[in-house]
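Asker: So the chains spell out like this:
Number of protein chains: 2
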Amino acid sequence: MKSTISFATLAAASFLLAGTSLADKKPVPSKVSMADIIKASQAEDWRPLDPDNTLYLDMEKGRVIIELAPEFAPANVANIKTLVKEGYFDGLSMIRSHDNYVAQWGDADEKRDLKTALKKVQGEFTIAYTNAAGFIRLADHDGYAPQVGHVNGFAAGRDPKNKTQWLTHCYGAVGVARGNETDSGNGSSLYAVTGHAPRNLDRNITVVGKVRQGIELLSSLPRGTGALGFYEKPEQRTAIKSIRIAADVPEAERTQLEVMRTDSKRFQEVVEAQRNRGGDWYKFAANYIELCNVPVPVRAAK
Amino acid sequence: MKSTISFATLAAASFLLAGTSLADKKPVPSKVSMADIIKASQAEDWRPLDPDNTLYLDMEKGRVIIELAPEFAPANVANIKTLVKEGYFDGLSMIRSHDNYVAQWGDADEKRDLKTALKKVQGEFTIAYTNAAGFIRLADHDGYAPQVGHVNGFAAGRDPKNKTQWLTHCYGAVGVARGNETDSGNGSSLYAVTGHAPRNLDRNITVVGKVRQGIELLSSLPRGTGALGFYEKPEQRTAIKSIRIAADVPEAERTQLEVMRTDSKRFQEVVEAQRNRGGDWYKFAANYIELCNVPVPVRAAK
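Each protein sequence line maps, in turn, to chains A and B.
Just so we're aligned: 158 in this note's numbering is position 158 of the first sequence, and the numbers increase by one with no gaps anywhere.
Just so we're aligned: 301 in this note's numbering is position 301 of the second sequence, and the numbers increase by one with no gaps anywhere.
Just so you know, the hints here were simulated from the structure itself, not pulled from any lab data.
Quick reminder that beta carbons are idealized off the backbone N, C-alpha and C, glycines included.
Treat the hints loosely; a few may be bogus.
[To be verified] Output of the computed footprint for chain A on chain B, the stretches with three or more beta carbons under 8 Å from beta carbons of chain A:
1) 139-147
2) 188-199
3) 202-215
4) 219-228
5) 275-285
[To be verified] Calculated from the model, a selection of chain A residues having no Cβ within reach of chain B, i.e. all distances over 12 Å:
6) P48
7) P70
8) P74
9) G91
10) K115
11) Q147
12) E258
[To be verified] The calculated lysine-lysine pairs, modelled on BS3-like cross-linking and capped at a C-alpha distance of 25 Å, are:
13) A:K241 <-> A:K111
14) A:K119 <-> B:K283
15) A:K161 <-> B:K283
16) A:K283 <-> B:K120
17) A:K85 <-> A:K119
18) A:K120 <-> B:K283
19) A:K163 <-> B:K283
20) B:K115 <-> B:K241
Given these sequences and hints, build the entire structure.
Answerer: Here's what the structure looks like:
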């Protein structure tokens, strides 16, 4: 007996499927698995990350790749891009790691010059939608939103009554820290969700994107020992070498990733395979999937 | 502007409230907060951990404290206690850390003698209940179970149709790794949930308890680079000094903790405060809480 939770279970929880993992699948599934679906996928089921809306957060241990969602937070994303282009984050650090909640980065001393970036940016907690077509609704009930689903690879909530939509705080979501005032954030301090989805934050703070690779570099940071998980001493903070927009990075240094198109039939197969798991390991099928348990597969570009 | 998510938000996500955090609350809440409720709590709102059903997992960096739930998994808990009493885990290690999923420990080489412990224990994925009184139901809808709530501090699902109940895979839940056969687990390899609740595992594997303190020692482990997050080299594995039953540890070395009684009125106040957050930071109240976002407060014994 190999005392482990089987691969079928685990692949399900992976937000990044390494190509190598496919070879490790042990039991022949009695029902199609996510790994099978990805294996059978075609080029048209994937889209590349847009280099103009991709951030590389480089640290000693590796690269965190964040896809920005300007369609959900145009003003905040624009300010973040200004900060990044002007080198705001280079040499700063991880300032906080709060267990089962968030990792946060920025200027621990809050002294660095914002240069041409705005000091205050109105929060974009929700945004109006005029075209409902881009929203691929999940059939399953969700207590935090009237409707949930995906917009171009981003997990989102939607309220058809007032025609608003918003990005949800699933694992890996990236947002703009703020104080009590709704315009008190500007993107100079950002956080990523590293625990069970704090969906209570939805519609209360601006979500600007999602970590597509390298979230483990944030989630495995030592936890801060101060209040709220802030680090108390400078030497506890992990340094950020730089944050750059992929488009500004020489081609040879870029990480080419593809995200499964959430408006593809293939993605619906993934959702169904996760809603009712196949393989020999599962004895009980949930017949349900909660939004933040839906994987949006990512792979190295082919 | 202190670029941070406010304390009210954060306390909400803490499963362990350090006494010191209470002093750090900044804005005067316009509505009662969880911190206020805990501050106003009385001795009768708390219960101590039972030393006979508490495990201390000691590592170089600190202690992980697990409360066992024999009422949900009597055979598996009994076998784990036999293994622990006979020193099975002492000197073994963390064998796996899979990002946003689980940390797992046991014998990487699977060679250690089980001594008098059973090699196979039938899975206790669900258990029949005859007395419904102990279940404190959460009012909120849950897609993974007909009913959810708490039984003596443990998050649980329940199906009144067949009168079964089970512990749910919320953050910090501890379970018995198994292979494909339902009796292939024996407790010699255990895992703790360190990511977004993989509720699809509910009713598929035996949950035996919950980490009451020290989960950050498991969740911040470096991620394994092998398939399924297994460590590939012995030097990557964090050593376990020992696992002991609290009752077998000299009083002076014990960690005295109390858990808020989930059948108390005080706990209902906590749930409501988290369902609709108070304070100056929140602009939108969710009016909903998902089971795994309900904190079960833990404190140092007074």
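Asker: Holds or violated: are the alpha carbons of K163 (chain A) and K283 (chain B) at most 25 Å from each other?
Answerer: holds, 18 Å
Asker: Against chain B, does G91 (chain A) hold up as non-interface, every C-beta pair farther apart than 12 Å?
Answerer: holds, 17 Å
Asker: At 12 Å, judged by beta carbons, does P74 (chain A) keep clear of chain B as stated?
Answerer: Its Cβ never comes within 12 Å of chain B, the nearest being 20 Å, so this holds.
Asker: Is P48 (chain A) truly not at the interface, in the sense that its beta carbon sits beyond 12 Å from all beta carbons of chain B?
Answerer: Nearest chain B Cβ is 23 Å from P48 (chain A), so the label holds.
Asker: Please verify whether K85 (chain A) and K119 (chain A) have alpha carbons no more than 25 Å apart.
Answerer: holds, 16 Å
Asker: Measure nothing beyond the straight line between the CA atoms of K115 (chain B) and K241 (chain B); if it is 25 Å or shorter, mark the hint as holding.
Answerer: holds, 19 Å
Asker: Are 3 or more residues of the segment 219-228 of chain B near chain A, judged by a Cβ distance of less than 8 Å?
Answerer: Held - the segment 219-228 of chain B has 7 residues with a Cβ nearer than 8 Å to chain A, which meets the minimum of three.
Asker: How does the coverage statement for the segment 188-199 of chain B fare against chain A, requiring three or more residues with Cβ below 8 Å from a Cβ of that chain?
Answerer: Since three or more residues must qualify, the claim that chain A covers the segment 188-199 of chain B holds, with 8 doing so at under 8 Å.
Asker: Does the alpha-carbon distance linking K120 (chain A) and K283 (chain B) stay inside the 25 Å limit?
Answerer: Distance ~18 Å between K120 (chain A) and K283 (chain B) Cα, so the pair holds.
Asker: Does P70 (chain A) sit more than 12 Å from chain B, CB to CB?
Answerer: Holds, because the least Cβ-Cβ distance between P70 (chain A) and chain B comes to about 21 Å, which exceeds 12 Å.
Asker: Between K241 (chain A) and K111 (chain A), is the straight-line Cα distance small enough, at 25 Å or below?
Answerer: holds, 18 Å
Asker: Just checking, K115 (chain A) versus chain B, shortest CB gap more than 12 Å?
Answerer: holds, 17 Å
Hint violations for this structure: none, all hints satisfied.
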